[in-house]
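Please construct the entire structure, taking both the sequences and the accompanying hints into account.
Residue numbers (the working numbering), protein chains in the order written: chain A, 1 to 185; chain B, 1 to 137.
Check each hint, because a few of them may be wrong.
Unchecked claim - Straight line, CA to CA, 30 Å or less: simulated DSSO-like cross-link-like pairs of lysine-lysine:
id	chain 1	residue 1	chain 2	residue 2
1	A	K160	B	K134
2	B	K74	B	K5
3	A	K29	B	K5
If you're looking for bench data, these hints aren't it; they were derived computationally from the structure.
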Amino acid sequence: MESILNPWPWYISGPLIALVMALLLYFGKTFGMSSNLRTMCSIAGAGKFADFFNFKWKDQVWNLTVVLGAIIGGFIATQYLSNNSGTDLNPSTVSELQSMGFKNPGQTLVPNEMYSLDVLASPKALILLVVGGLLVGFGTRYAGGCTSGHAITGLSSLQKPSLIAVIGFFIGGLIMANFILPLIF
Amino acid sequence: MKALKFLLVGIFFGIVLVKSEAVSWYRIYEMFRFQSFHMYGIIGTAIASGILFLQLSKRGAIKSIKGADIFVPKKEKGLIRYIVGGIIFGLGWALIGACPGPMYILLGTGVWSMVIVIAAAIFGTFIYGLLKDKLPH
Numbered sequence: 001m002e003s004i005l006n007p008w009p010w011y012i013s014g015p016l017i018a019l020v021m022a023l024l025l026y027f028g029k030t031f032g033m034s035s036n037l038r039t040m041c042s043i044a045g046a047g048k049f050a051d052f053f054n055f056k057w058k059d060q061v062w063n064l065t066v067v068l069g070a071i072i073g074g075f076i077a078t079q080y081l082s083n084n085s086g087t088d089l090n091p092s093t094v095s096e097l098q099s100m101g102f103k104n105p106g107q108t109l110v111p112n113e114m115y116s117l118d119v120l121a122s123p124k125a126l127i128l129l130v131v132g133g134l135l136v137g138f139g140t141r142y143a144g145g146c147t148s149g150h151a152i153t154g155l156s157s158l159q160k161p162s163l164i165a166v167i168g169f170f171i172g173g174l175i176m177a178n179f180i181l182p183l184i185f
Numbered sequence: 001m002k003a004l005k006f007l008l009v010g011i012f013f014g015i016v017l018v019k020s021e022a023v024s025w026y027r028i029y030e031m032f033r034f035q036s037f038h039m040y041g042i043i044g045t046a047i048a049s050g051i052l053f054l055q056l057s058k059r060g061a062i063k064s065i066k067g068a069d070i071f072v073p074k075k076e077k078g079l080i081r082y083i084v085g086g087i088i089f090g091l092g093w094a095l096i097g098a099c100p101g102p103m104y105i106l107l108g109t110g111v112w113s114m115v116i117v118i119a120a121a122i123f124g125t126f127i128y129g130l131l132k133d134k135l136p137h
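Here is the structure:
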């Protein structure tokens, strides 16, 4: 039981993520989480503004069901399968983040400095969440996929477009973490 | 019930990503600072297992539930959309510490402000839909 309650090692987690992909392919579907953003646009009536959103979104209900499950899974994992042991980060990551003003690196899943509801009263945190969401939503559709569609499914099926996209993900991520975040915090 | 299996896959996915700490903002930061092997290990073993699964299915060892071949849709050819779109995505990923899957999962863990991120991501997708024909692909 202890080994379930503790964080899982990478060599267990990686194959289990591949299993998610394999199960969806086995059921005749694909593993792609960002497609749901397009589906939600479509349901909200975005088809009136752009043809891109005119498709039979009812064919995507299965994927929205995966999303609902993922939300429930997040709840189950934190409520019943965790011992609040925190994330065992590299000590130099911790001290670096502390010097940037993050109080408890690794004690929560996301920093309170960005996500706590008190912080939302400050325009800075609100702007960061909105800008980050916009970048992810726009970028993923422009690139035709996200981590699940390109990095896991695309690379597993040895597709060159996905390799280019994943290189792009890393260029963007490296710029943000190494050059922009230090300017923000 | 047809929907139940997708709900169960989603629940499993959510549990795995929380327990692997792949939904941790800090793990994403640490990865992009090259200060830990953890995320590289997860992504690397996921892809290695995925390759194994798809190679086995390609050789007919694994079939879909309906007995058909396992089918992975091909991505369109292109360069600009993948590199530029990828960079834009990466900037957002490292800022909010979550890609689309973890956004939903973190909501389930009780990060309520993720609603703002998800709404913004939906709006970002909407903006792409508006501009799609004007963008180089």
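Results of checking the hints against the structure:
Proposed proximity of A:K160 and B:K134 is supported: the alpha carbons are some 24 Å apart, at most 30 Å. For a cut-off of 30 Å, the pair hint linking B:K74 to B:K5 stands: about 25 Å separates their Cα positions. At most 30 Å may separate the alpha-carbon atoms for a hinted pair to count; A:K29 and B:K5 meet this at roughly 12 Å.
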